[in-house]
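Using the sequences plus the hints, can you model the full thing?
Residue numbers (the numbering used here), protein chains in the order written: chain A, 71 to 818; chain B, -5 to 278.
Simulated from the structure, these hints should not be mistaken for lab results.
In this text, a Cβ means the ideal position worked out from N, Cα and C, and glycines have one as well.
Be careful, since some hints might not be right.
With beta-carbon atoms standing in for the labels, derived distance ranges [claimed, not checked]:
#1 A:M349 to B:D174: 54 to 62 Å
#2 A:P720 to B:S3: 54 to 62 Å
#3 B:E18 to A:G238: 52 to 60 Å
#4 A:P647 to B:Q155: 30 to 38 Å
#5 A:P405 to B:E18: 50 to 58 Å
#6 B:K121 to A:Q553: 22 to 30 Å
#7 A:H513 to B:D174: 36 to 44 Å
#8 B:D27 to A:T625: 42 to 50 Å
#9 B:S3 to A:Q553: 21 to 29 Å
#10 B:Q155 to A:R433: 49 to 57 Å
#11 B:S156 to A:I409: 55 to 63 Å
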Amino acid sequence: MKRKAPSDLSLTQSTPLDFCDPAKSGQKSRPETNEFAKTNIAMEAPGPFDDVIEDDYDSFDEIFTQHFADDGTCLREDVRNVANDREGARPFHQKELPYSQSSNTTKRFVIPPVCYSQPRLFRPFNADHADLPWAQRFPPKDISELAVHSRKISDVKTWLNNAFRGTGERLLILRGPSGSGKTITVSILSETLGFEIIEWRNPAASDSVTNLPNSVALQFGDFLERANELRGLDLDLPSNFSEGQRGAIEGFSPRRRLILIEEFPSLITQSSNLSLFRMAVQRYLVTAGSAREMDIVPCSPMVIIISETLLDSCSSFSDNITAHRLLGPAICNHPGTRIIDFNSIAPTFMFRALNLILEKEGRVSKSERALSPATMRSLSQNGDIRSAAARLEFICLKSSNSAVMKKPSKVKKASRRAPTLTSVEEQALGLITQRETTLGLFHAVGKVVYNKRDDPSSKKDGQPVMPPSYLRQYGRPRISQVQVNELYNETGTDTQTFISTLHENYVPSCDGASFTECLDDCISALSDSDLLYPISKRTNRFFIHATRNSAAVETLRQQEISYQVAARGLLFALPYPVSRKSPFNDGIGTPRHSQQLLYPTSLRSLHIMEEVEGLVALWSSRLLSSISYPAPGSIGARNVSQTVTATMIPRSDLILHQLPYMACLFRGASEGQELEKITKLTRLQPQASNKARTFFGELGAPGANVGLLGEIPKTRIRGWDNTLESHLPSVTDERELTLSDDEIIDDG
Amino acid sequence: MPGIGKTTSILCLARQLLGDAYKEAVLELNASDERGIDVVRNRIKGFAQKKVTLPPGRHKIVILDEADSMTSGAQQALRRTMEIYSSTTRFAFACNQSNKIIEPIQSRCAILRYARLTDGQVVKRLKQVCDAEQVEHNEEGIAALVFSAEGDMRQAINNLQSTWSGFGFVSGDNVFRVVDSPHPIKVQAMIKACWEGKVDVALDTLNELWDLGYSSHDIISTMFRVTKTIPSLSEHSKLEFIREIGFTHMRILDGVQSVLQLSGCVSKLCKINMKPQLFEPPRS
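Right, dumping it as structure tokens:
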């Protein structure tokens, strides 16, 4: 095959037009696309053709590039790419790896393998993916190498098995912090269980220019429908290729398929698109359910992967996609939906995984890299395996003697390291391992709440300035070791999170003879600081659509002032030798560990608050809608929805009167769980450790709308009273109850 | 933190790594370039797919400067691109606040934190520039540049240049004339007067500054900066000073930019360290 000149634009533009007719597109477009792959230009000319075509065009484009970028031999290794790879017929390609050129090019629907073996000009021809970052270069090969907890894996596995058997499981939501192995679990399971992955990808071209802005969302709906209903072309050929993602279904029809959504239709931040997206998913759920009942074909289950983070107090929707913000309560609580939370990876697992990576790397580069266990252990603390691998690579780079950054395969012989954590290593670690909202935050908070001060006798440079004699009580003879001005740059998070973390953690430090005075001073400093904070004054409590002020210099300075007041105020007010002692325990009998630093409760409960809010809204709309809510298998449902014909229910009435009764009626049904989430009293689980990582694991118990202490509305139904009692936490410690609703009024 | 060499160092590295191929193999996008989703999809992807002949072991580099100003939609679109083309293309982000970078991208990156430059580093570079350009200067001028720049090298050098071309000599006074902020020595004197309880002196200084035409924003912000670094305050008064200044700052931000607010602030500062008995009404 001849090579095209790289600037052959006319060809690339003409190519997509051939896709217009899907029936023959596969045949017609083959030669052109081939050449297109060689031209290697990605000028996505926004043409007159509609988005469908661009869509196809892009998908080809990407597939080609990917193969082009991949070495044949490493395809097998690069498990990650399985997920990325939209053409599910990969196994066939693998068989084809020797690339018998002539035999294949004659067949239609087959990408002539010549495009795999095209020599790369810009990097040495290497059997291995030497250019990939380590995280992608040495992925786990099977379940045993996966660093995810085995129970999570088996959870996902059982779910998938059930779904393929057609037990009504339709939608699996995997959520967890990024780098916790969500995607790779699915892709590895796809190999062991033998199913194909069909993945949605956003079209590349700028359809917002040529089309309606919501076309992406519409396309997504289309994609789901087709992926669900249509079968792949049943062709008796070694490798099948369908024309792009719209009908991105390949392989033989008996093969099981899975729809994977990791990338969300991009314009999702607009509410219209969001609702379109939700509707598409809902439609999928409904059709899938009905298809099952009519016993047609077992349709493909869907997996949505969401990287969640701790909600930041000021983060807006687009910054922080959570399952509930994205999908809404109706989908999240659909009976066919299952949410599996992935925790961040535990240090022991991570340690093993990192060693494995090193080992694999050593095998490839034929050198031994001995990193000290101390280094490895500190790398393992982070919980994000992808970035941990990146850091590992970085440190290994640093350990080489070369001044210039070289790629890992080049530095292999240089490094043989000392087993101790040298100062260089420490420095490198310090530079590299700092990640937002992890270590920096607690480090900084710890500095403040421990209030270390210099011994005046050992002080060299001068005595601290003392206030005049009549203000003797304000004198602090020992100079604080905390450099407040410098600390501001080290907090590693936004100011508000820092201050609220201070607020969460200062109380145990106040312990001592003058506990009350300390507490008083501290809290007054913190409240002043809260008052001074520029944003908190103006936004409401549910920050979803909080308009962020432009980062004007003044606002930044105001934040800094707020920080200074909080930090200096605490430092000033805390007693000097801080002996942290927790004045209460968390109600389960184990005294809370006094050394621990905790995440602010507000941030933790924000998450739950949003969920419950969504549920309440969902139920109020259900109750108000004239169409009776179909509750399969429940007689009570019809009665309730018919009797309630009000046009508007006050929120408090809804929460305090209707929903508790309904929870009783629905107990046992799937809706009952939703209702229990709203009406049941639970307490926020105590934090198990000072790491953010445990956060997702702890959200198991849902928060609740809680009345004030002991003033929970007593309903006059008998049987229900009991359940209420039993739900009540045995310890009525006010700290344990989340008060997520202001509007709840005591009706007793 | 601006002006601490993030972009400069990545550009230097790219140049050193790629040498002659720099022009072809580096795509730099700034906040001034449009970086919506479309650009990420088309331009960055196009660049990632482009073939460039490079020496072995080198990669194309995409430099996204001020990445925290990218919309999160664009960042979401980027994360897949980063993964697919990671064999040929490396990505470098420079940003001021890394919490504005979405978590999935942070997870795909090694994060290097640049600390704010120390005053010594700024001084060293300023001296270098002065020597190279034969700028006449005195120590006071350099100190003033360092103070006004707050660790921002770019601003320090810019101020140096404008002072030099404007006045021909870099002295403290000239620098503050160029920077056009209240002279910190004046403000320092004012704060000191407050600490000593001399209301009249402090108010006189304030009026002097006001009459020079500085806005209340300028004055209050310089007051804050001076207060937080001044060594001659006790811990208690520093805290209380900052608190008072904070409240006044807030009022000024809310639009009350009168000299009355500033005077009130200064008077309150004075009161903090005065004998509390002075304020008790005499017993009749």
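*Should the hint that S3 of chain B and Q553 of chain A are 21 to 29 Å apart at their CB atoms be regarded as holding?*
holds (25 Å)
*Go ahead and decide if the range 49 to 57 Å is satisfied by the Cβ distance of Q155 of chain B to R433 of chain A.*
Hint holds: Cβ distance 55 Å, inside 49 to 57 Å.
*Could you say whether the range 22 to 30 Å given as a hint is met by the Cβ separation of K121 of chain B and Q553 of chain A?*
For Q553 of chain A against K121 of chain B, whose Cβ atoms are near 26 Å apart, the range 22 to 30 Å holds.
*Can the suggested window of 54 to 62 Å be confirmed for the beta-carbon pair P720 of chain A and S3 of chain B?*
holds (60 Å)
*Quick one: are P405 of chain A and E18 of chain B within 50 to 58 Å, going by C-beta?*
holds (56 Å)
*Has the hinted range 54 to 62 Å been met by the Cβ atoms of M349 of chain A and D174 of chain B?*
Given a distance of about 56 Å, which is inside 54 to 62 Å, the answer is holds.
*Taking the beta carbons of S156 of chain B and I409 of chain A, is their distance inside 55 to 63 Å?*
Taking Cβ atoms as reference, S156 of chain B and I409 of chain A lie about 59 Å apart, which means the hint holds.
*P647 of chain A paired with Q155 of chain B, Cβ distance criterion 30 to 38 Å*: With a Cβ separation near 52 Å, P647 of chain A and Q155 of chain B fall outside 30 to 38 Å, so the hint is violated.
*Quick one: are D27 of chain B and T625 of chain A within 42 to 50 Å, going by C-beta?*
violated (26 Å)
_Can you tell me whether the CB distance of E18 of chain B to G238 of chain A sits inside 52 to 60 Å?_
Since the Cβ atoms of E18 of chain B and G238 of chain A sit about 55 Å apart, the hinted range of 52 to 60 Å holds.
*So the hint says 36 to 44 Å: do the beta-carbon atoms of H513 of chain A and D174 of chain B match that?*
With a Cβ separation near 38 Å, H513 of chain A and D174 of chain B satisfy 36 to 44 Å, so the hint holds.
The structure does not agree with the numbered hints 4 and 8 stated previously, though it agrees with the rest.
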